[in-house]
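Participant: Sequence:
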Amino acid sequence: MKIIKNEKLIKRNAKIGQYASFAGIIAIVGVSFFLIQSIRNPESATDNTTWIMFIVLIVSMIISQVSMYFGTRWGRRPDEAIDKALKGLPGDYTTYHYSSPVPHLLVGPAGIWLLLPYFLRGNITYKKNRWRVGGGGFAQSYLRIFGQESVGRPDLEVGAQANALEKRFKKKFAEGAPIPPIQAALVFLDDQANVLADDAPLPTIPIKKLKDLLRKTAKESPLAADDLARVKAALADD
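In terms of the working numbering, the sequence shown has 98 at position 98, counting the first letter as 1, and numbering is strictly consecutive.
These are calculated hints, taken from the structure and not from any lab test. Bear in mind the structure is a predicted one, so any value in this text is a computation, not a measurement. No incorrect hints appear here.
Label pairs and their in silico Cβ distance ranges:
#1 G91 / N123: 29 to 39 Å
#2 N41 / M61: 18 to 28 Å
#3 K15 / E220: 42 to 52 Å
#4 E220 / A164: 18 to 28 Å
#5 I62 / K2: 31 to 41 Å
#6 A229 / K167: 11 to 21 Å
#7 N129 / M61: 26 to 36 Å
#8 I28 / E175: 49 to 59 Å
Taking lysine-lysine pairs in the BS3-like style, the calculated list, with each CA pair at most 30 Å apart, reads:
#9 K11 / K167
#10 K2 / K219
#11 K87 / K11
#12 K5 / K167
#13 K5 / K15
#14 K2 / K211
#15 K216 / K128
#16 K209 / K127
#17 K84 / K5
#18 K5 / K208
#19 K216 / K5
#20 K5 / K219
#21 K8 / K171
#22 K209 / K128
#23 K211 / K127
#24 K2 / K209
#25 K232 / K5
#26 K84 / K15
#27 K211 / K87
#28 K219 / K209
#29 K232 / K2
#30 K2 / K170
#31 K167 / K8
#32 K219 / K84
#33 K219 / K87
#34 K84 / K8
#35 K211 / K170
#36 K8 / K232
#37 K84 / K11
#38 K5 / K170
#39 K84 / K211
#40 K15 / K87
Cβ coordinates follow ideal geometry from the N, Cα and C atoms, glycine included.
Given the sequences, and given the hints that come with them, work out the whole structure.
Facilitator: Next comes the structure, spelled out in structure tokens:
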């Protein structure tokens, strides 16, 4: 299997997450200092001090959100987890990480696959037209509350990614050339993710089952060799 990734972008955004985390800690320490001083010496607390504390608190919350966003998507390296799970696939498979119009893409005899990775644990289910996450402990609950670790609406995300990819193919393919089907899978990277979503409209699986899904698809409905070549050529410019 061939791996193509934008290491420069990955490292840059991972550093942004680290810096944001450090800045958030400093901001929280600052708020704590002002709060302790106000409790010890109420007379020293002025309206200006209160406003400063409030502003610093808001800033620290924003920085915390930025830190979690970049940390989850870049610092934890979902690309490496995916590539490790797919190790052993034949050489005609290629993964593209942050080096195509979509974040994580796999192209090969099994077709064109958008891969949506999640660092979630607990019970992953699909009920009432929604993906849901239950359990996982306090840490996962905290992250879900603040909107950084949840399944969200992968159907909408897949639609947007597929449109971006189709736009590239229409630009690079010969006029009127058909675009092969674009498939997608939700992939859960944590070993403690208990995936119970067989009824989901998109394959929703633990990372350890991804290779089996691809092999089954390649056997039942393989992508034609000429289509595979056209797709790879269209992605070669990134």
